[in-house]
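Required output: the full structure, derived from the provided sequences and hints.
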Amino acid sequence: MAADLVLTIVLNGLTLAALYFIVASGFSLIFGLMRTVNMAHGALYLIAGYAGYAVFEPLYDQDVWWAWYAGVAWGVVVAAVVGTVMQKFLLGWMQGQELRQALVTIGVSIIVADQLLAFYGGNPRQFFAPDAIFGASAVPGVGNYPTFRLVQIGIAVAVGVALWVILNKTKLGLMVRAGVDDREMLAACGVNVPLVAIAVFALGAGLAGLGGVIGSTAQPLSQGMDGRFLLIALVVVIVGGMGSITGTALGAVMIGLAEQIGQALFPTYSVILTFVIMVAVLALRPQGLLGRATP
Amino acid sequence: MTPARTTVISLIGLAVLVVAPLVLLAILPQNQAQFWTSNILGRGLVFGLIALSLTFLATYGGFISLAQMTVAGVAGYTVAVLTQGAVPTIVGGLPYALTIPAGLFASVLAGLLIGAISVKTRDIYLLMITLALAMGVFRFVETNIAWFNGYEGIRNVVGPDIFGLSFRSTYVFYYSVVASCAVLYFGILYLVRSPFGLVLQGIRDNPRRVSALGYNVGQHRIAAFGVAGFIAGCGGVLATIYNIGISPGSIGLGASVNILIISVIGGLGHPIGAFVGSIIFTVFDTFAATIYDRERFNTLIGLVFLIIVLVSPDGVVGLKGRLMALLKPKQAKEAKSP
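Chain order of the listed sequences is A and B. Mapping of the first sequence onto the numbering used here: residues 219 to 513, in sequence order. Mapping of the second sequence onto the numbering used here: residues 1114 to 1451, in sequence order.
Treat the hints as calculated values from the structure; they're not laboratory data. Glycine is no exception: its CB is placed at the ideal position from the N, C-alpha and C atoms. Some hints could be false.
Listed below are several chain A residues computed to face chain B (Cβ distance under 10 Å; list not exhaustive) [said to hold, decoys possible]:
id	residue
1	W292
2	M312
3	L317
4	I324
5	G325
6	S327
7	D444
8	I456
9	I479
10	L483
11	M496
12	V497
Not close to chain B: a few residues of chain A, all C-beta gaps over 10 Å, as computed [unchecked claim]:
id	residue
13	L225
14	Y268
15	L308
The calculated label-pair distances, taken between Cβ atoms and stated as ranges, are [said to hold, decoys possible]:
id	chain 1	residue 1	chain 2	residue 2	range
16	B	N1257	A	Y287	35 to 43 Å
17	B	N1356	A	V224	38 to 46 Å
18	B	L1423	A	R510	47 to 55 Å
Given below as structure tokens:
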């Protein structure tokens, strides 16, 4: 295989991994603090996509340069608000009943997906990136490559760095890390744990929203995307390790690369490669590559 | 409830199912009676059978798996791929007498495999892993043309003739389903009182202690998934014949979650919940148009599911106990403390 083709496939894998990381990091964050498996994560992706598009479309028609940025901001805000409402009214009071929480989020995701279908219909939508990051850029060794996909990597890195700073350098991060280890002790120290939980849920949901708009710029937004991105979040955190942001990044890169390499080498069976990785990780390290052993 | 009492209730339920078609014929016009028998009771029981495999795992092992529809699909696809007359012909050429056992064998293997992959995980981890596996199989089947005819699936799996009677006849289909359900349901009630069933319940309550007693927890878990695979496989074969074929949509995310919904609505405390849940589910499915909006069935069933999970985690079957507890608050407190 020609070298530039190999590099293109790797770059494709990395840009896909960037999107997967943005979506899965929110899932992993929520799981890390609260042990809540948010099965509505894909639904949040979908909500943000449609909500963002509703703001983006009229602005884009007027040729406003900040249409896309407004769509991103609105998508993130709406997803974060929906996440907050879910945590406050549905999940907060059954803290500790992990399975029940998972079931509640499944119920929410079914209703949300169905209502979105009712409001927006089945037609796919796609954002257009602003001129500044549209088009193609020359990448050494690859040739011309869509600029937006490169920006996607940049955004993922920024998200990763921001999460690292929040978790390791801020008071919120301190409380989150303490909460992961011992919620009750943290509450006994006078911290309003339910409030921290809501903040984390809003942050995680907002990341799903960010993924929703960015993902819908790179590829069309349609019904069924919720299931797809929920699955990706699951596989990425299972491989990388639950609750670990570094692990999520590692998992996202592995799954993104595996998907692209698989599609290049054996298109019909590419899905299997992803799952072989997952099964192998589960067999050798059930807690994920960088996850901590579950107590 | 004591085992003797549940057996009596179950037998009454079975008797109701056996005479139901005759009662329906007596009170409704013939075509409506056939519709109720086949499309509501029959279909409900078929999906109840798949849900039964999940309820069995959840009730006696504490395993909530989202891959039971996938296991059922493995049986359905095996039958569809091998059977003579299916369209398109992929392997074909074999009679139902061979392909149905082959399908059940495949589903047991699939069950064992899923049990083995997830053997070290519990609770929500198990839920996540089985969902990921289910979606993996779904996407594989959907994109594979050579073996599964991709998105379109395989059609024209009409079912065998039994004693010269066509499986497509409403009543041959219905009574085959009732017989399968009865055998598997009472089989489970028997199995859980056997040494295997007791070890399984021990694993649910305290795996470490069971392990300390010298039982191999992993092997028992995998075997339980194999048993569940057989039950789900029976449901999968019947569902494939009922639908006259199988397509990836029938093992997708929605279908997998529907099985969970059925089991949870019915209640994860006793196998009978699977059938209670599936009949409720099918009635909602059929009459969603009258209740709310035909297109919005998912919202309706999602709301029912959400309310059940929020109000009564042990489902409709557990509702009675919950209401009694509300009426007698003092007893409820005693009942709650384990």
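Each hint tested on the structure:
no.	hint	result
1	W292	violated, 24 Å
2	M312	holds, 8 Å
3	L317	holds, 6 Å
4	I324	holds, 6 Å
5	G325	holds, 4 Å
6	S327	holds, 8 Å
7	D444	holds, 9 Å
8	I456	holds, 6 Å
9	I479	violated, 16 Å
10	L483	violated, 15 Å
11	M496	holds, 6 Å
12	V497	holds, 5 Å
13	L225	holds, 26 Å
14	Y268	holds, 16 Å
15	L308	violated, 7 Å
16	B:N1257 / A:Y287: 35 to 43 Å	holds, 41 Å
17	B:N1356 / A:V224: 38 to 46 Å	holds, 45 Å
18	B:L1423 / A:R510: 47 to 55 Å	violated, 32 Å
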